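Please model the entire structure based on the sequences and the hints provided.
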Amino acid sequence: MDLFKTLQTLTETPGPSGQEAGIAMVIMEMWRPLADEVREDRIGNIVAVKRGKGDGPRPRLLLAAHMDEIALMVRQIVAYPSEKEGAEDEQAHGFLRVSRVGGVDLRHLYGQQIVVHGQRNLPGVIAALPTHMLPPDRGDKPYDLDELVADVGLPLGELRNLVSVGDFITFRQPLRRLLNNRVSGKALDNRASVAAVTVALDYLQKREHSWDVIAVATVQEETRLLGAFTSGYAEQPDLAVAIDVTFGKGPGAKESHLFELDGGPTLGLGPNVHPGIHEALKSAAETLEMTVHVEPHARASGTDAFGLQVARAGIPTGLVSIPLRYMHTMVETAALRDVRRAGRLLGEFAAQLDADFLEKTARKMMEAD
Amino acid sequence: MNDLLQKLTEAVGVSGDEKQVRLLIRDLIDGHVDEWRVDALGNLIALKKGSGASGLRVLVDAHMDEVGMMITGADSDGTLRFEAVGGISPPALLGKVVQVGPKQLPGMIGARPIHLLDAGQRNRNVKIDDMRIDIGAKKKEEAERKVSAGDRATFLTRYEESGRVALGKAFDNRAGCAALIELLRGEPFPFDLYAVFSVQEEVGLRGAQAAAFGVRPDVALVLESTPAYDLPNERDVSPNVVMGRGASLYVMDAGTIQDPRLVSHLMRTADDNNIPYQIRQPGGGGTNTAVIQRAGGAVSAATIATPTRYAHAPTSMINLDDFGHVVQLAQAALRNLDAAVLQR
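Protein chains in written order, with my numbering: chain A, 248 to 616; chain B, 1376 to 1719.
It is worth saying that the hints were derived from the structure and are not from the lab.
Given the structure is predicted, the values throughout are model-derived calculations rather than measurements.
One or more of the hints may lead you astray.
[To be verified] Looking from chain B toward chain A, a few residues come up when the C-beta cut is under 8 Å (computed):
id, residue
1, 1454
2, 1511
3, 1535
4, 1538
5, 1604
6, 1606
7, 1607
8, 1689
We put the beta carbon where it would ideally sit given N, CA and C, even for glycine.
Written out as structure tokens, the structure reads:
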């Protein structure tokens, strides 16, 4: 499988939180040849089931990677000149005020290319007046949402016909290959993890496994962790692993608790993570002679693991992450090899699960170290 | 798709390093000019001989440089430090994709992610000093093998059209270059026309100053791109010009009062030919007209510009009809330019 091409398709397809249908279809097609069954659930999660060998009922491992991306939404249609200045519609230009969907970094917005998903897709740009034309008392702060507009270059009347308040706006940025097989673009958070799950499913084509593996591309992680809560319930997993991105070391981010790009995936450890799953992931990495790093999360991990862990009567949950630079920007940067490593690790972990894994793991919770 | 605008805006030519654009333009005007030369600063000066009907010497200028960045060094983690070349605001740089050095390597302008900032830091713009260009190199030495200090970088933006607007980088001033090329590709004018594709406008109008002295014209026309500030705003701000309302004529800016005889000539020509135009609101800003006007003992000079939204940003926007009107107006005004226009 050509991982760059896979990621290119995954990152360039729009799928804002709450309107994942576009990316969902792509993932469905991508997973169909790798699984026994692929479907879309009631809330829009894509669920692929790769059945284990042997007679059922088999225990179920859920791998969750969210497929939604941060985006914008049309908040208001505004005009230049303003209507109070008596603009006639055919002369006036139309612009869009926007809201954020998920944690978009305002400091990066100015000058970004976008697509407004109206009656048809409209290419445009996020713009603002130069700061010297704004009130002098605003200071040296980033443009805020009342100063920024989305501009698709249309007259007001035409814009009103094509675009409604509530329409989604996604960012446009082709995936690019940098030196050392690093890749950069938008939505690597979290399509890099969707790609890793794809690698895992591919790995399991050649590796026998006794558990059922349920791959889920979840919706609305960036806003509410919604898909994790619902699939953690609906799929009745015995065990779950969330896959997400984590902070890579980079410019302005040198601290020792951040992770080198191309240094291998990280294994989350903290309240959202079951220590037994953490250990099992570690030993899968040892089998593969793969370097992994422990990533301590003192509180909530900010990932689907948070939602999965408390689904039903509680699910033993693990967390695997891929180091990423410039998170929540249009230049998110990761190492292709980390994506592949995360995928192989998940595949090996799944293959190593045996019939009494849950029982052993539960027993260890009561054993003195 | 406007082929000229696509080729010209996608070419790379940051101030002081305009070679790629210079070579492209030479190819684009080949066969349409009688001679060309490159002067000491790198200006491309082409002569299109006239029909002989007029003895005027006419210079038409369009600067071919664009704003960008210069690489100043590599950090130990392989990311690149840079400075801005020309006036680019820091928000236009953060989180944008650029092309670096002669190999045009893709690079990403990054900084510390917002999740790792406290509230105070989130509410300040990131300084260029705190941004780096990331080309994927792992170490300083690797970065230095790929990119050298002094290499230029510019935005990596593809040209595209959507309805009557075009989106792309560097319409300032490849729109002017494209208009000038259109003039050269037409029939000869009554007079000798010197086309100057000038360098270093964005760092102080330097190329045109030397070129105008070298050409010693009687009359000069500057083809430019001027910012349109026609965005909704609570305050009453000057829109400068409005996109879609025609070619814009300068009367006065921070650097010049344009020759009123030429301005009247341009307005009269536009009126006679039903070419939409607008007067750029007098105020700040400046063009090569400022230096051409005072070259070699004074030149009568004026400016026609394509209104451009978001100049000096990764993606700017023009209206293709405006661009067409700039070409039409320049064409018509030069065709009927004679010594009588300059009579007092």
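Okay, the hints, checked on the actual structure:
1. Interface hint at residue 1454 of chain B: satisfied, since its Cβ lies 5 Å from the closest Cβ of chain A, which is below the 8 Å cut-off.
2. Here the hint on residue 1511 of chain B is kept, as its CB sits about 3 Å from the closest CB of chain A, short of 8 Å.
3. With its C-beta approaching chain A no nearer than about 6 Å, residue 1535 of chain B sits inside the 8 Å limit, and its interface hint holds.
4. At its closest, the beta carbon of residue 1538 of chain B sits 7 Å from a beta carbon of chain A; the interface hint therefore holds under the 8 Å criterion.
5. Evaluation of the residue 1604 of chain B hint against chain A yields a held restraint, the C-beta minimum of about 6 Å falling below 8 Å.
6. A least Cβ separation of about 5 Å between residue 1606 of chain B and chain A falls short of the 8 Å threshold, and the interface hint therefore holds.
7. Hint status for residue 1607 of chain B relative to chain A: holds, with the closest Cβ pair at about 4 Å, below 8 Å.
8. Interface restraint check: residue 1689 of chain B against chain A, minimum CB-CB distance 5 Å, threshold 8 Å, status holds.
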